[in-house]
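Number of protein chains: 2
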Amino acid sequence: MTTRKRISILGSTGSIGLSTLDIVARRAGDLEVVALASRSDFRGILDQARRFRPKVVALFDDQAAADAKKGLEGAGIEVLCGAQGILEAASLPDADIVVSSVVGAAGIMPTYAAVQAGKVVALANKEALVSAGAVITAEAERRGARILPIDSEHSAVFQVLMGQDRKALRKLVLTASGGPFFGKGPGILEEVTPEMALDHPQWKMGPKVTVDSATMMNKGLEVIEAHWLFGLPGDRIEVLIHPQSIVHSMVEFIDGSILAQMGVTDMRLPIAFALGYPERMDLPFDPLDLAEARKLEFFRPDFDLFPCLGLAYDALRRGGGVPASMNAANEEAVDAFLAGRLPFKEIAGVVKAVMDRAPAIDDTDLSEVLKCDRWARQAAGEIMLSFGGAA
Amino acid sequence: MTTRKRISILGSTGSIGLSTLDIVARRAGDLEVVALASRSDFRGILDQARRFRPKVVALFDDQAAADAKKGLEGAGIEVLCGAQGILEAASLPDADIVVSSVVGAAGIMPTYAAVQAGKVVALANKEALVSAGAVITAEAERRGARILPIDSEHSAVFQVLMGQDRKALRKLVLTASGGPFFGKGPGILEEVTPEMALDHPQWKMGPKVTVDSATMMNKGLEVIEAHWLFGLPGDRIEVLIHPQSIVHSMVEFIDGSILAQMGVTDMRLPIAFALGYPERMDLPFDPLDLAEARKLEFFRPDFDLFPCLGLAYDALRRGGGVPASMNAANEEAVDAFLAGRLPFKEIAGVVKAVMDRAPAIDDTDLSEVLKCDRWARQAAGEIMLSFGGAA
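Chains as they are written, first to last, in my numbering: chain A, 939 to 1329; chain B, 939 to 1329.
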């Protein structure tokens, strides 16, 4: 690449963060880490800081920040703490690219800060666009910030749309693995344990995303994310089950031509694409062997069996506070499920109940979006109590 | 489209020509026919001329031209005849786009003439690039002529490469249906009749292309064509059997990402793409339904069972007069097979024998290429006599 890109990684100790650092390590001539941020994993941050020598590290948790400060004494690395510390890492003047891979709605403010600072934002956090898509895309436009998706689906769409006639776009087709329960029959959904939900057949991801994948809420969030990234209404964004996860997504044009992006199921590929953009980096990973894969299958999703997908389409259609409410309620419900406090099948019920009471808000006002998020978490808690679920 | 495009169709009464006219009829506001050319089908030309009102029609066959002249008396349409007539239609000053869909090496000179006249050449005739790729691509460069492939495979590659980083190209993957004999076991090749070879499972095409598809020589010709269109050596152009013919071809980049173009098996789609380029036209054909198709399969080709494919790679590697010799010998052998004068299994043997004797020529000299083509046809005839085949 022509100049070395300086990267700030928000959520560096999570799954996307680790994959990002793997790419940086392989391409040290092209990429350089200037900031690392984590919620509370100070041991992880210490290891990473010693290896990648950033200018700053940030920990949301005060105690973790204090421990990191101790561990990095004399290393010449500034340690930031709290929400403010994360926001500073997100808007660091030294950073060219901000990898936004904080999990959940906690990623809204850092993503907004990076966009406000006019960065190239490599976005893995889909909740930011789901809840605050109107605010963030308008701010990106205003500040000349570029949002490059890291989700494999949106990266696929982004890649195939490069250089194409946008006016000729008919629809997007997001593929979904279907998660661990696709094709297993409705019975299995009655008895899902966290272990079962976390056993994803194709992708290695964090627990929140993996459970969302099992309910298909993940695909619903992606539909809303795709709406904000590519400007199409929900009825022009389709979902197709593709258990092999080789076709990462597709675009159909008005002449009937479909362009698809394919690859192995390795998050390092879309991450590397975002970091290298507009150039592609030469990567030594085993390429996809279609003759080995042999068979690609496609099925229509079952909206009855996976109601979260339909809820997301509904949220996108209704707009206002509904997407943020849906997202917040889902996060609370998934937390409760992972903690053994809510049956898997009730996740959609909690989300729907909160959506049905969502306030009308001005979704171009970030403070209203955040207030709505807080309201929805509380509402979800109350509803789960009535389910006999939440603590 | 911004301006109405004026089209000359060489081979208008063949399969590609008919599909081209179907598109023109649907988009009369954007597309207009100024010339129609056919070998000898004056009845077909008359019907088309009355419907599409071109400025000129051209027939290679003198008698057919005379009959057409009679039929079009007073219609204000000029009738051209002979090789010279076809070349005039190919370089008509009024034409913006020349659709080059003459079958076989007969397409070399008209394609060259269109390129020499600086036209946009929508190229269906693959033999022109196979035999005279060096001459034609150099002339296109010199004259600023743009070659837009109409073959579904090359159209697919062209479409996915638009706007992509060409330096990052790792390889092309051309898909092949495998033809009617894929997966049927070697035994079937012993007893192939013309009827069997002409019964293609996926694509409706003319007889020459359909037999080439059954021997896989068609895919070999496409490998060479892809070399000239996209500038990659043969070892970076792969062939993959894909019996469903839904993925029309693919491109792999250095980061492992694969971009593919898909669609229904309808030649009108790549034709419309070439005619509309750089815009896509809104077409009312049924779009591809992947959930309906369900399953896409991929297999490595069997070079032992389909030796013509390996011969083509060999011809591309050896260069000089070998590709032109291979192509001419193949045309003669296919003719003999269709006439019942050569067993299907001997087509490859005839081609190989001619290739083995191919003269060293300067393949940037069109007259040498054409001389080589004539030599190879004669050599093929002699060899077929020794097979006990040719008349």
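Worth double-checking, as some hints may not be accurate.
When chains are identical, the list treats them as one kind, so a pair holds in a single copy or across two.
To be verified - Straight-line Cα separation of at most 30 Å, DSBU-like style, residue types lysine-lysine; simulated pairs:
#1 K1146 x K1283
#2 K1233 x K1007
#3 K1283 x K943
#4 K1122 x K1008
#5 K1007 x K1146
#6 K1290 x K1105
#7 K1283 x K1007
#8 K1105 x K943
#9 K943 x K1109
#10 K1122 x K1233
#11 K1105 x K993
#12 K1233 x K1109
#13 K943 x K1290
#14 K943 x K1309
#15 K1233 x K1142
#16 K1233 x K1008
#17 K1309 x K993
#18 K1309 x K1007
#19 K1109 x K1142
#20 K1109 x K1008
#21 K1146 x K1105
#22 K1309 x K1142
#23 K943 x K1122
#24 K993 x K1283
Read the hints as simulated data drawn from the structure, not as lab findings.
Structure-based check of all given hints:
no. : hint          : in the structure
1   : K1146 x K1283 : within (16 Å within a copy, 59 Å between copies)
2   : K1233 x K1007 : neither (52 Å within a copy, 55 Å between copies)
3   : K1283 x K943  : neither (45 Å within a copy, 58 Å between copies)
4   : K1122 x K1008 : neither (51 Å within a copy, 71 Å between copies)
5   : K1007 x K1146 : within (29 Å within a copy, 76 Å between copies)
6   : K1290 x K1105 : neither (35 Å within a copy, 49 Å between copies)
7   : K1283 x K1007 : neither (43 Å within a copy, 77 Å between copies)
8   : K1105 x K943  : between (32 Å within a copy, 20 Å between copies)
9   : K943 x K1109  : between (34 Å within a copy, 27 Å between copies)
10  : K1122 x K1233 : both (20 Å within a copy, 19 Å between copies)
11  : K1105 x K993  : neither (43 Å within a copy, 33 Å between copies)
12  : K1233 x K1109 : both (24 Å within a copy, 21 Å between copies)
13  : K943 x K1290  : neither (43 Å within a copy, 54 Å between copies)
14  : K943 x K1309  : neither (36 Å within a copy, 56 Å between copies)
15  : K1233 x K1142 : both (21 Å within a copy, 25 Å between copies)
16  : K1233 x K1008 : neither (53 Å within a copy, 57 Å between copies)
17  : K1309 x K993  : neither (33 Å within a copy, 70 Å between copies)
18  : K1309 x K1007 : neither (33 Å within a copy, 81 Å between copies)
19  : K1109 x K1142 : both (28 Å within a copy, 28 Å between copies)
20  : K1109 x K1008 : neither (53 Å within a copy, 51 Å between copies)
21  : K1146 x K1105 : neither (36 Å within a copy, 38 Å between copies)
22  : K1309 x K1142 : neither (33 Å within a copy, 61 Å between copies)
23  : K943 x K1122  : neither (45 Å within a copy, 54 Å between copies)
24  : K993 x K1283  : neither (45 Å within a copy, 70 Å between copies)
Hints 2, 3, 4, 6, 7, 11, 13, 14, 16, 17, 18, 20, 21, 22, 23 and 24 from the earlier list are contradicted by this structure; the remaining hints agree with it.
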